[in-house]
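Undergrad: Quick note on full-length UniProt numbering: the sequence shown kicks off at 1 and runs consecutively.
In short, the hints are calculated from the structure, not lab data. Every value quoted in this text rests on a predicted model; they were computed, and no experiment measured them. Be a bit skeptical, because a hint or two may be false.
Claimed, not checked - Derived BS3-like pairs (lysine-lysine); straight-line CA-CA distance at most 30 Å:
#1 Lys50 to Lys267
#2 Lys66 to Lys241
#3 Lys66 to Lys50
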Amino acid sequence: METTKRKFSIFNTGMYAILIVASCLVLIPTLWMISTALKPNEEVMITPPKWIPDNPTFESFTRIWKDYPFLDYFLNSVFIVAVSTFITIAFAALAGYGASRFKFRGKGTFLSFLLVTQMFPSIMLLIPFYKVLKTFGLIDSHWGLIVVYIAFALPMCTWMMLGFFQGIPRELDEAAMIDGCSQIRTFFQIILPLSLPGIAATAIYSFLMGWNEYMFAFILVTTETMKTLPVGIGQLNGFYKVVWNDMMAASIISSLPLIVLFLFMQKYFISSLTAGAVKQ
Numbered sequence: 001m002e003t004t005k006r007k008f009s010i011f012n013t014g015m016y017a018i019l020i021v022a023s024c025l026v027l028i029p030t031l032w033m034i035s036t037a038l039k040p041n042e043e044v045m046i047t048p049p050k051w052i053p054d055n056p057t058f059e060s061f062t063r064i065w066k067d068y069p070f071l072d073y074f075l076n077s078v079f080i081v082a083v084s085t086f087i088t089i090a091f092a093a094l095a096g097y098g099a100s101r102f103k104f105r106g107k108g109t110f111l112s113f114l115l116v117t118q119m120f121p122s123i124m125l126l127i128p129f130y131k132v133l134k135t136f137g138l139i140d141s142h143w144g145l146i147v148v149y150i151a152f153a154l155p156m157c158t159w160m161m162l163g164f165f166q167g168i169p170r171e172l173d174e175a176a177m178i179d180g181c182s183q184i185r186t187f188f189q190i191i192l193p194l195s196l197p198g199i200a201a202t203a204i205y206s207f208l209m210g211w212n213e214y215m216f217a218f219i220l221v222t223t224e225t226m227k228t229l230p231v232g233i234g235q236l237n238g239f240y241k242v243v244w245n246d247m248m249a250a251s252i253i254s255s256l257p258l259i260v261l262f263l264f265m266q267k268y269f270i271s272s273l274t275a276g277a278v279k280q
């Protein structure tokens, strides 16, 4: 008995040690980003560097709004990512529900093809996307980026929604149809409300993918006032000088929508971790 307790205590100690190391790996860069954002220009490059600035200031947070078109970058990202996420969730929910409830020829091939599209690195698709968007006159436009983000997020979001719909008993569909509901009405009034955790998790995935995307936004949009946040932050890395405190302040502000999104959808996101794990 004592041997078992000793082994259990050693195991717990080891797990806590791993968690502490992992937490440090996550928190240290974040704390350094906050520290740099609060430093005045003269303290940014001093040697040795200091964790706590001698004269903390919010000048960087003020400067990025005054000296750069940061508000344009922010609003552009919000619009592009919000629209692409909404459209992606709508199509992914319909496709996932159809694949989970109906049998049709080529269903397995279709679902496998969705996964195969995720195997290719995004850089391989840059030229094809550029050609297609140029043909339709969508280069240097927000709608061009929206189309790209939907194309990237939709396959995986469809698979995610498929897993959640498969965890909802089909008896609910049958009971609703016996009561006179059509298939569409059953989906919107019965199944969709039950899949809110899955929708939340899928929305967070799609939002994160679009919010942090840099390469396509950098190539496909050239007008300064139409660029997104990642591109705008990247431009603070100048050819002759890197404004580290301004860059860190901009990075902190760009992370706030993600934090707010997670706080509001945390309940659904946590419940989605186990939803669909057991088939009914």
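Undergrad: If a hint holds in the structure, say so; if it doesn't, say that too.
TA: Hints, one by one, checked against the model:
1. For the given pair, Lys50 sits about 38 Å from Lys267 by alpha-carbon distance, which is inconsistent with the 30 Å threshold.
2. Only pairs whose Cα atoms come within 30 Å are accepted, and Lys66 paired with Lys241 is accepted, the gap being roughly 19 Å.
3. Distance restraint check for Lys66 and Lys50: the Cα-Cα separation of roughly 27 Å lies within the 30 Å cut-off, and the hinted pair is therefore satisfied.
In summary, the structure is inconsistent with hint 1 from the numbered list given earlier, while agreeing with all the others.
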